[in-house]
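Below, each chain spelled out in residue letters.
Protein chains: 2
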Amino acid sequence: MCSTSFSLTPIATIDGCYPDKFGVPRQPGLAPSAQARVTLREEFADPDAVRGLENFSHLWLTFIFHLNPSQWRPLVRPPRLGGNRKIGVFASRATFRPNRLGLSLVELLEVKVDHGVQLLIRGHDLVNGTPVVDIKPYLPWSESIPDARAGFAPAPPSLCPVTFSAAARQTLAQQPDPTTLEVLITEVLGQDPRPAYHSIKNERRYAVRLGEYDIGFRIIALTAPHQEGEERPIAAPAVEVLDITRLPSANAS
Amino acid sequence: MCSTSFSLTPIATIDGCYPDKFGVPRQPGLAPSAQARVTLREEFADPDAVRGLENFSHLWLTFIFHLNPSQWRPLVRPPRLGGNRKIGVFASRATFRPNRLGLSLVELLEVKVDHGVQLLIRGHDLVNGTPVVDIKPYLPWSESIPDARAGFAPAPPSLCPVTFSAAARQTLAQQPDPTTLEVLITEVLGQDPRPAYHSIKNERRYAVRLGEYDIGFRIIALTAPHQEGEERPIAAPAVEVLDITRLPSANAS
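If you read the sequences in order, they're chains C and W. Heads up: take any position in the first sequence, counting from 1, add 20, and you land on my numbering. Heads up: take any position in the second sequence, counting from 1, add 20, and you land on my numbering.
Just so you know, these hints were derived from the structure itself, not from any lab. A hint or two may mislead.
Same chains, same names: a pair is fine if it fits in one copy or spans any two.
The calculated SDA-like cross-link candidates involving lysine to any residue, where the alpha carbons are at most 20 angstroms apart (straight line), are [said to hold, decoys possible]:
{"#": "1", "residue 1": "106", "residue 2": "174"}
{"#": "2", "residue 1": "41", "residue 2": "142"}
{"#": "3", "residue 1": "41", "residue 2": "75"}
{"#": "4", "residue 1": "41", "residue 2": "226"}
{"#": "5", "residue 1": "132", "residue 2": "266"}
{"#": "6", "residue 1": "106", "residue 2": "65"}
{"#": "7", "residue 1": "132", "residue 2": "169"}
Computed from a predicted structure; not experimentally measured.
The whole structure should be built from the sequences, with the hints applied where relevant.
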């Protein structure tokens, strides 16, 4: 029985605010404003199949980390641990895992059945084009265990402060919905999306794509005043948004 | 991208107390005493792959409903709704779903790496031989949402009272660990494992297998005293355990 392999057919596809892997939050809910559409593929787009789903506030999406290679590694270095401590792949939510299956809890905003079937979701962590292989309702009486012990990841990761340059502020103000865009940028960049092994400070410009925007940013080090008895000042990373560019051939959500 | 299909290789197999589908709880946690071993298959049985997992109290198992046919149905009749109301398959946790993927939150009791890799779990809802395709740690800060709205299933299903016949009591007392067995029988049968469309009362003997035991039971109707102004007495199902048989060729967990 167990030697059989099983075939998975994508039932839906993600179309949201993350055109690239870089910048995608490392868990859903870390960027609660991030919206996406889950479009059911033609053979599954039966309005009956989602009947009653609108009465649930949260959904599980099971999906494939389709941009990852199929090889897996027994040990991974979670960004949470600074990228210098290894843990087992099954003790992590890393993408380099056997079968490349991902699992995300997202908020359901709307079920649309007028042209095909689409679910509008919020607080996701999925790159555009992600193939979804299952959709299930969240059952709080069974799946909400606030006191569960969670090893190396007992709490949400801490966020960096995010500031905007004068140029970035100016572009922001000219956009159709500056507040929503500012919140999304702050949520996404506040997680310091750089690979974990980078030092706190360096001078290079990074860029992340959010929907139809290209966001340039750099990391600056915040230094606390030198405390007596400490060898050196405490430093923490912060993000400065340098520039915001609306891309011409945009196809935003 | 989306038209590709993906191949899943089972990484582990379940060996627990449910040899047959009949009697398996409809959600994990409904029979909290039910234990099982998750045995990693040889190519995945690297102790490194589970390093750090022992620091988590709860795990997600993604698995295949391998005893189900591959066909799916857009509408299902959840037992919770008495089997007479239809909802969409994606608004349910039904087994008749595209890709036949299951998702269960279980309690992790122990990680064993001395001979291969085995996880001892509790509170599961998996039939023996179930192929597991992913193991992930539970993250309470992201996945515990006690106030989530849960449509037709806002609370655990109500349980039936379970009584034991004199004969069943006698056999129970002769077993190595009568208390554990009694608790497991009560948890499993308290859910009235019959298909939902059966009437409250009928005279037939049902049997469920739990580990190395065959448990015979019947459904009896509890009737509340006739209340003034009501047309007929209120009736609710209860379970009577008729007999307990230890099977000779047992291979229990």
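A quick look at each hint next to the structure:
Within a single copy, residue 106 and residue 174 get their C-alpha atoms as close as 17 angstroms, which meets the 20 angstroms cut-off; across copies the closest is 39 angstroms, which misses it. Proximity of residue 41 to residue 142 under the C-alpha cut-off of 20 angstroms is restricted to the intra-copy arrangement: shortest distance 18 angstroms within a copy versus 36 angstroms between copies. For the identical chains of this complex, residue 41 and residue 75 are neighbours neither inside a copy (32 angstroms) nor across copies (29 angstroms), given an alpha-carbon limit of 20 angstroms. Within a single copy, residue 41 and residue 226 get their C-alpha atoms as close as 14 angstroms, which meets the 20 angstroms cut-off; across copies the closest is 53 angstroms, which misses it.
For a Cα distance limit of 20 angstroms, the shortest separation of residue 132 from residue 266 qualifies neither inside one copy, at 28 angstroms, nor across copies, at 53 angstroms. Taking identical chains as interchangeable, the C-alpha atoms of residue 106 and residue 65 lie at most 20 angstroms apart only when they sit on different chains, with a minimum of 17 angstroms there against 42 angstroms within one chain. Taking the shortest Cα distances, residue 132 and residue 169 sit within 20 angstroms of each other only across copies (19 angstroms), while inside one copy they are farther apart (38 angstroms).
In summary, the numbered hints that this structure violates are 3, 5.
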